[in-house]
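> Single-letter residue listing:
Protein chains: 4
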Amino acid sequence: MTTAMSLPETIAFLERDFPQMNHDGPAFHLESVGPLSARMRLDHHERFLRPGGTISGPAMMALADYALYAAILANIGPVGLAVTTNLSFNFLRKPGPTGLVAEATLLKLGKRLAVGEARLFATGSDDLVCHATGTYSIPPER
Amino acid sequence: MTTAMSLPETIAFLERDFPQMNHDGPAFHLESVGPLSARMRLDHHERFLRPGGTISGPAMMALADYALYAAILANIGPVGLAVTTNLSFNFLRKPGPTGLVAEATLLKLGKRLAVGEARLFATGSDDLVCHATGTYSIPPER
Amino acid sequence: MTTAMSLPETIAFLERDFPQMNHDGPAFHLESVGPLSARMRLDHHERFLRPGGTISGPAMMALADYALYAAILANIGPVGLAVTTNLSFNFLRKPGPTGLVAEATLLKLGKRLAVGEARLFATGSDDLVCHATGTYSIPPER
Amino acid sequence: MTTAMSLPETIAFLERDFPQMNHDGPAFHLESVGPLSARMRLDHHERFLRPGGTISGPAMMALADYALYAAILANIGPVGLAVTTNLSFNFLRKPGPTGLVAEATLLKLGKRLAVGEARLFATGSDDLVCHATGTYSIPPER
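Residue numbers (this note's numbering), protein chains in the order written: chain G, 634 to 775; chain U, 634 to 775; chain H, 634 to 775; chain R, 634 to 775.
FYI, nobody ran anything at the bench for these hints, they're computed from the structure.
One thing to keep in mind: the hints can contain errors.
The list treats identical chains as interchangeable, and a pair is accepted whether it falls inside one copy or across any two copies.
Within a straight-line C-alpha distance of at most 25 Å, the following computed SDA-like cross-link-like pairs (lysine to any residue) qualify [said to hold, decoys possible]:
{"hint": "1", "residue 1": "Lys-727", "residue 2": "Pro-711"}
{"hint": "2", "residue 1": "Lys-727", "residue 2": "Thr-756"}
{"hint": "3", "residue 1": "Lys-744", "residue 2": "Val-716"}
{"hint": "4", "residue 1": "Lys-741", "residue 2": "Ile-771"}
{"hint": "5", "residue 1": "Lys-744", "residue 2": "Ala-755"}
{"hint": "6", "residue 1": "Lys-741", "residue 2": "Leu-761"}
{"hint": "7", "residue 1": "Lys-744", "residue 2": "Thr-635"}
{"hint": "8", "residue 1": "Lys-741", "residue 2": "Phe-646"}
{"hint": "9", "residue 1": "Lys-741", "residue 2": "Thr-717"}
{"hint": "10", "residue 1": "Lys-741", "residue 2": "Arg-752"}
{"hint": "11", "residue 1": "Lys-727", "residue 2": "Thr-738"}
{"hint": "12", "residue 1": "Lys-741", "residue 2": "Ile-644"}
{"hint": "13", "residue 1": "Lys-741", "residue 2": "Arg-674"}
{"hint": "14", "residue 1": "Lys-727", "residue 2": "Ile-709"}
{"hint": "15", "residue 1": "Lys-727", "residue 2": "Leu-647"}
{"hint": "16", "residue 1": "Lys-744", "residue 2": "Leu-640"}
{"hint": "17", "residue 1": "Lys-744", "residue 2": "Ile-771"}
{"hint": "18", "residue 1": "Lys-741", "residue 2": "Glu-642"}
{"hint": "19", "residue 1": "Lys-727", "residue 2": "Arg-674"}
{"hint": "20", "residue 1": "Lys-727", "residue 2": "Pro-772"}
{"hint": "21", "residue 1": "Lys-744", "residue 2": "Thr-717"}
{"hint": "22", "residue 1": "Lys-744", "residue 2": "Ala-645"}
{"hint": "23", "residue 1": "Lys-744", "residue 2": "Pro-711"}
{"hint": "24", "residue 1": "Lys-744", "residue 2": "Leu-761"}
{"hint": "25", "residue 1": "Lys-727", "residue 2": "Thr-687"}
{"hint": "26", "residue 1": "Lys-727", "residue 2": "Pro-652"}
{"hint": "27", "residue 1": "Lys-741", "residue 2": "Ser-770"}
All chains, full assembly: derive it from the sequences and hints.
Structure (structure tokens):
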């Protein structure tokens, strides 16, 4: 079982589609794509930190959304832009001043809607720092 | 009925607590605080845009979170840092390339938990672009 | 501005569509429908209570879902069955052993998706006991 | 690694705490509890059906909530009643007219908050029909 787009193809598409993702220098890195899944890494960078050295909520939310989007894109191909309709986050533990990894898994990939979850871990740790679910509307094929 | 902190006091606290909010230049502006409420504006800025000129999801999520946080802060005072435990977003319409305004309202302000909703509008429009709800854990008083 | 179905038409449709709603005797009552809105009442009944006399979470969740569904149905007409894709609840205060009223408002009524919120109050009270948001997928017209 | 309460102890506690769970005859059955987990089954029963033979949303929501509650109870013991503060559901596929099984896993079990997810499957199937996340407030020890 393979994906509709390879890892390099998905990265190229994302870089074109989300240039602001790495507006201040590269930070979000798609590491792998697979059947109904993707893995994305967020570098440790001062601009994502809050006082106390913990990574900001918005940086975690962006990472989860991008990882889910990448999983959809890799699996349906560049047929049209999926639109995020719902995102829901449970923040579980404060990550330290490290990078983060998001493991995105699609729970459903229908013709009109895709639903997935993303689990965010601090780099090199098994502690879940954030759990996210997202729903994406897939445009009709033209 | 007044708030525990005035608008200038809340702004000063936020600027100290969230310096990364305006890391690339001022963008998030707290406009008002009131009983169980706050209003925050996000400037139009290229770094929040996606192709097509629409404002990115992460920028909207950050705005909603900051506005809810400001409403809590203004209403409980600087007694301790509330921690976001849950955020949930419904993205309703694509905003154009304009600024955004978030109207945050607290639905519950308990001793341990605060729950609120934020409604995001494009500047100068009545069209709701995003509806958010958030839950915040309030630390025990020391 | 009127609705696609009147109150009696919407009630008749719901009774056919959700017979299990009132499986153990009438309990859920649609009180009004309007542009992008509906109001539904849940009777006080022993089978919805938890120890301590508070109304059970599942009864509140059912009420919110039915009220949102009724708002959609009244506004789009009986063109097809909307399917609940996401429901999210914040439980704010324990209601006492009374009936409940749900005020449902649609935030978006698109061709493919409807999104709404429901506010649940104890009968005769202004205290919000639960806030819900729901997303519904609207089938393509045949 | 064991749980604070055994399976029979947890069942006895639930039956006392949620008598309305099985108000119309036994339907919800706790099958197992483990470290940070629980598994609950919902019998196939006419009163949970919608036209077309699919299981109603409220029955699925109740099952997810009970399963998460059971996981918390088994793991913290009968020290106090956890209160549901947030529940969020993604409905993925329509289950047929069968029973359901919920696999609940706690993502965090803190002193004040527990967060978990529940995955609902049709009996004898690997198809996920619903994914739920829940947050529970744990009362201070007396």
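> Please list, smallest to largest, the hint numbers that this structure does not respect.
Hints that this structure does not satisfy do not exist here, as all of them hold.
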